[in-house]
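Novice: Take the given structure of chain A and dock chains B, C, D and E with the ligands to it, following the hints.
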Amino acid sequence: MSERLGFDHVTKVFEGQRGEADFVAFDDVTLQAGPSEFLAVVGPSGCGKSTLLRMAAGLVSPTAGKVLLGDQPVQEPPPGVIYLFQQYAKSLFAWRNVIDNVMFPLESAPRARRGELRRQCQDYLRQVGLAGFEEKYPWQLSGGMQQRVAIARALAANPRVLLLDEPFSAVDALTRMELQSLLLQLWERRRFTAILVTHDVEEAIFLADRVAVLSARPTALKEIIDVDLPRPRDQLATREHPRFLSLRHHITASLLGPNEKTNEHAALV
Amino acid sequence: MSERLGFDHVTKVFEGQRGEADFVAFDDVTLQAGPSEFLAVVGPSGCGKSTLLRMAAGLVSPTAGKVLLGDQPVQEPPPGVIYLFQQYAKSLFAWRNVIDNVMFPLESAPRARRGELRRQCQDYLRQVGLAGFEEKYPWQLSGGMQQRVAIARALAANPRVLLLDEPFSAVDALTRMELQSLLLQLWERRRFTAILVTHDVEEAIFLADRVAVLSARPTALKEIIDVDLPRPRDQLATREHPRFLSLRHHITASLLGPNEKTNEHAALV
Amino acid sequence: MPRSSEPDGIGYWAGVSPAIVLCIWELAGRLGWTNPILLPNPTQIVAALAALVASGGILTPLVHTVGLFVVGFTLAAVIGTGIGIAMATSRRLYGLLEPLVEMLRPIPKPALVPVLFLFLGIGKATMIALVVLAGMFPVLISTYQGVRGLDPVLLETARTFQISRSRMIASIILPASLPMILAGMRVALGLGLVLVILAEMLAAQEGIGFRILDLERSFQIRDMFAWIVVLVLLGAAMMKVFDVAERNLVPWRGRS
Amino acid sequence: MSAVDRLNVSDRERSEPRSSREWLGGRASGVLLIVALLSLWELSSRLGWVVSAYWPPVSQILAAAFAQLMGGEILLSLAATMRRAAIGYAAASAAGIVLGIVLARSRLLRCGLLPLIEIVRPMPTPAIIPPLILFLGVDDALKIFIVALASFFPIFTTTYAGVAAVDDTLIQTARTFRTSWARTLYAVVLPAVVPAIAAGLRTATGLCIVVAVLSEMIAGSSGIGYYLIETQYAMRPDLMYAAVLYLALTGYALNRVFLAIEMRAIPWMGKS
Amino acid sequence: QAADLEKIRVSIIPIGDVAPLFAAIQNGYFRELGLEIDTTPSAGGAAGIPGLVGGSFDIAYGNVVSALLAAQQGLDVKVIAAGTNVTDPKLDATGIFVKSDGGIKSGKDLEGKSIGVNTRNNVIWLYARAWVKATGGDPERVTFKEVPFPQMEDALRQQRVDAAFMVPPFSAVAEQKGGLSKVGSPYSDIQPGVDVGQYITTGKVLAAKPEAVRKFVTGLRKGVEWYNANLTNEALLTLISGYTKADVALLKLVPVPTAPLRTDVSQVRKTMDMMIDSKLLPAPLDLDKIIDSQAL
Ligand SMILES: Nc1ncnc2c1ncn2[C@@H]1O[C@H](COP(=O)(O)OP(=O)(O)OP(=O)(O)O)[C@@H](O)[C@H]1O
Ligand SMILES: Nc1ncnc2c1ncn2[C@@H]1O[C@H](COP(=O)(O)OP(=O)(O)OP(=O)(O)O)[C@@H](O)[C@H]1O
Ligand SMILES: [Mg+2]
Ligand SMILES: [Mg+2]
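Chains as they are written, first to last, in the numbering used here: chain A, 1 to 269; chain B, 1 to 269; chain C, 1 to 256; chain D, 1 to 272; chain E, 1 to 296.
Derived by calculation from the structure, the hints in this document are not laboratory data.
Treat the hints with care, as some may be off.
If you want the footprint, here are the derived chain C segments under chain D, 3+ residues with CB under 8 Å [stated by the list, open to error]: (1) 12-21; (2) 66-73; (3) 206-214; (4) 228-236.
Note that CB positions come from ideal geometry on N, CA and C, so glycine has one too.
So here's chain A without its partners, still in its complex pose:
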């Protein structure tokens, strides 16, 4: 259950309001995530990473170029492409308990299948470590648990492509590690195509098969780096792997730009 997702010479321009100049968020970006690939996208703040994912999800359309899901151009939210937001608190439905949140994508199914689907959702909750929390409401859970609910809901929608927009940046560092490991486990089991947007270079390397680096405005694709680290990956061992460190060094330097020397404090301040 996975699919190729590609950006084909995509340009996105936001029209300027009240006499402001138009704003070019992307200029001619071509990029592709193959079936079952885990692609990470890193880039400085405001460079248009979220816009990229929103185009992939069919929530906004490119000004020029095409977004392709398999061979089909994406125009409106296509089935099986699920978006996981950073703001779990806002993306969960506060008026539904945990299991009903997870059931949401399945509710158009015929009544007869409801019982079966419900059991299935319970299984997803078990997979994200939330068995027993079915009847709780989102506000009764910690941030990390809320994001787990959002993940279970995404799984319930049976994603062919999962779009992750800084999914773990709002939780604390230890929880972040847990969720990263969880995501990898699920991805290895289900093999959907994953596109992850993040600021965190280490997170990108730890999770992805390839990392795409975007430049600051005008946003273009700076480079794509293959992550040749063995799987399954491990929070301690992988991150201490010499290859991890060199990738980390390379990508961080690339992000900070060609003019800035990496061993200088000033460059970071």
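Specialist: Frame of chain A, contents of chains B, C, D and E with the ligands only:
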């Protein structure tokens, strides 16, 4: 301009409400940050890190034991002990522009000195890289810039001890690195005593002279680790230093607890 | 928001100050500082109230007032929510209705009484219309603002799950803006009660408003005060019911 | 773009159009609707679809409105109403803001006063006018008192809730800078509650006019409320409708002015 | 000079009935006596007696039924001068109106139907009941609906009520438009010469400023005399138009009745008996205490 800050057999119990049991946030913790030392405290969520800092700031008092600033027990907010909150957006005064926010701690000074103090504040803003933003309002700035304003305001108060409660966890990863470097620069120049609370093991190692690890509840001091990395530190070089990696491994393992093997996925999920 | 159900750390103290005021009032009456015809003592008012309850005479006006209020308020809530959502989700309906709403909203509703009399006659229809007119605008405005203020993240989440427009409104927009809708209804509740009383004074042959005015005209001040007490209790009870309903409808209020 | 899609555009895309042509662009249908309704009114009166001495044609109302303006009489009535509304409003603001802050910060006063306030709150204005006439008479004292009473609650409630909602972080921040109690109150708490107070004040502006008019209708001798009754008894519905028109315009303008002031004076509104 | 004048606050209803008072003010009769009259109009008179009792006014123009009700509840009201009475049936513009094609002629026909009155338990209501009874109907079987005077005609034409007690100028305008007919004049039919309205004060005011009250009555009487002498004078209509905002053309439709100089106790007693009959009053009141001797 710095001072020793010590916790001497400190116990903190929150009284249970409405028949709930009392809640022991700390049991007999003894810990000390010497003059001009940079001490980091890491620990799992909810273990009482913020409570520790709030006691140091004199915002709450311990149930037993003493908090000592130099030789003086801390009872109410002592002069020169400044608290930097994680929630920069909430700790800045929305109705004051940047320079007036920074001026806040100085406003009890006699009128005659105002001009001079204002120039001083402008200098602090320059130091945190915000020259030219004096007249902006907080909401007109990005998250990282807002936290810089909070740092400048803390500097204006001329701190002997700076308490930092996850100060960078709400900004993106690249901005976080920038702010860490900025903090180190300022600390090296001003040499106040710094106590940093964080979830992020790498941040703790990168910044601190010593790292104190707290256990989950009932919270006690698990261990204190000396960070024998050279200064000045560098975002790339320091983090790739073999000693950094071994410290990182050790502290992460310690945090995850004695029963959990570090090379197991399950431990993290 | 301070609400009667939350004691704001007052607890048992809540009864003290009203009791003191009542005692002073009673004492002033007994000592002849007040005119007993214009301002009866609390005990006299309570006696009048007791007589009213004992005779069963309290029932008909109470039923009239409550009935009128429930009908008017419900209509105001439904219409306000409906138009609010329609205007917030459709640009075309917004353009069509916004000028009319902005024109009607600032008119003090009591000023419309003669027009209502003309078209709806002097009776139920006019009274209900008054309550609805007064109550629907706060609901409408705050529903509109609530829906427009919904976080795009929420709506986009729902959209990526491919739901239909009607399901979007029913299972996302409506529940998500419920806190704001209820805030509007809370305002409408207060206004509605005011207008119910006014409407009864103007156009009813029954009801608490009618009774109060009638008793005032025949200078039966003691009974008039008894009815005012009934009214206060009624108002407080309605707010209480609303609070309980709100807590059950939006248990997540202020927590997400 | 489908209707629901509208909801999904970002704030930038949905910000209000600026020029008057753009304004009309979105609302042309709405303006047409109003014109159609008014034409219907005009016709129904002229062609005798609705027969009543109290259903004058719109054109006659507009003529009356113009004559009123020329005569200046309507302005006097309006001024009388606005004066009462303004005095009551000012008193309500002072009381509402002070009590709101003080009660939120002091448990003792809260115990003493909050129950009394809660008792008065559900009392509908028209119901208390009759007994109040007996105490305050029918003069300005009565009307101003009623206006003040009605306007008090929104102001008090939002202020009280606003103070309670002031983020603890703000107060703690002030504390670590060793700010005195008094200075914390006026330099931190007060500005932090200003947006909440402003919201209450705005609700009260609409309310104070309505209540002033209502009290003049019940126990009036001047002002627009009385004018509405008087013109009915004098069988001059054109004057009456024209007065309603002025009243609506005043309410609308007041709200606009308030919003404009709010935007200038409280730039941090909704921003923290 | 104005400072020497004693100020008297009078609550009035802006209708033709108080024309003598305004005549007296305009002609300077009060000023000559050292009084300044400050009139406060109150539509429908709702605030009159309550305001008087509450101390806003020294004197209020009010109807006889309200005054008696107040007295019955123990309020210390005093009638000090006659206001309006209905003597000449030809000049009685008030009446019960029905739709001309409705077939209603009498109180008997109204059984099971409704009559519009401006307020219940007042003078209009009382006389409407009496009229129903006098024309063969049972007042208990007629519904009395409260309809404000300005809305009376529409209510009748739209058949929201089957009959309406109308007063000038509304009655005159309605009659002129056609389609409605007057089937009775309760005041002049039931009790020719009835004292409908009086000037009322309280015992407290009477005790506190007896002189001022005496001067008021004197000035008012002069006003009544001028009024009665100028009933057909255009100047009178202009005067009325001045404080009612009604067009002079409209006022011309309305017959102008004479005004009484003195209160007729026997008329008040008759009204009181009717109130007892309609259970508005439980027992007779001591009218000598209510009607001050100056009114006589
Ligand atoms: N609807 C819009 N109208 C106009 N400009 C927009 C719109 N949406 C986004 N932008 C602009 O496009 C740029 C890219 O936005 P985007 O949210 O994609 O960046 P990002 O890389 O996700 O940033 P961050 O790392 O802060 O999440 C920003 O400068 C933003 O201001
Ligand atoms: N005023 C209080 N009353 C009762 N319990 C409290 C109070 N303040 C904190 N606690 C409890 O004490 C514990 C420690 O809280 P604290 O905020 O210090 O933890 P923390 O380590 O800073 O957590 P985090 O990493 O989430 O910031 C928590 O379980 C909290 O619920
Ligand atoms: Mg983004
Ligand atoms: Mg904390």
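Novice: Just to make sure I understand the rule, a stretch counts as covered if three or more of its residues have a C-beta closer than 8 Å to a C-beta of the chain. Does the stretch 206-214 of chain C meet that for chain D?
Specialist: This one holds; 4 residues, not fewer than the three required, reach chain D with a Cβ under 8 Å.
Novice: Mind taking a look at whether chain D covers the stretch 12-21 of chain C? Criterion is 3 or more residues with CB to CB distance under 8 Å.
Specialist: With 7 residues in contact (Cβ-Cβ under 8 Å with chain D), the coverage given for the stretch 12-21 of chain C holds.
Novice: Taking a Cβ-Cβ distance under 8 Å as contact, does the stretch 228-236 of chain C have three or more residues in contact with chain D?
Specialist: holds (count 6)
Novice: Report holds or violated for chain D covering the stretch 66-73 of chain C, Cβ cut-off 8 Å, minimum 3 residues.
Specialist: violated (count 0)
In this structure, only the earlier hint numbered 2 is contradicted, and the remaining ones agree with it.
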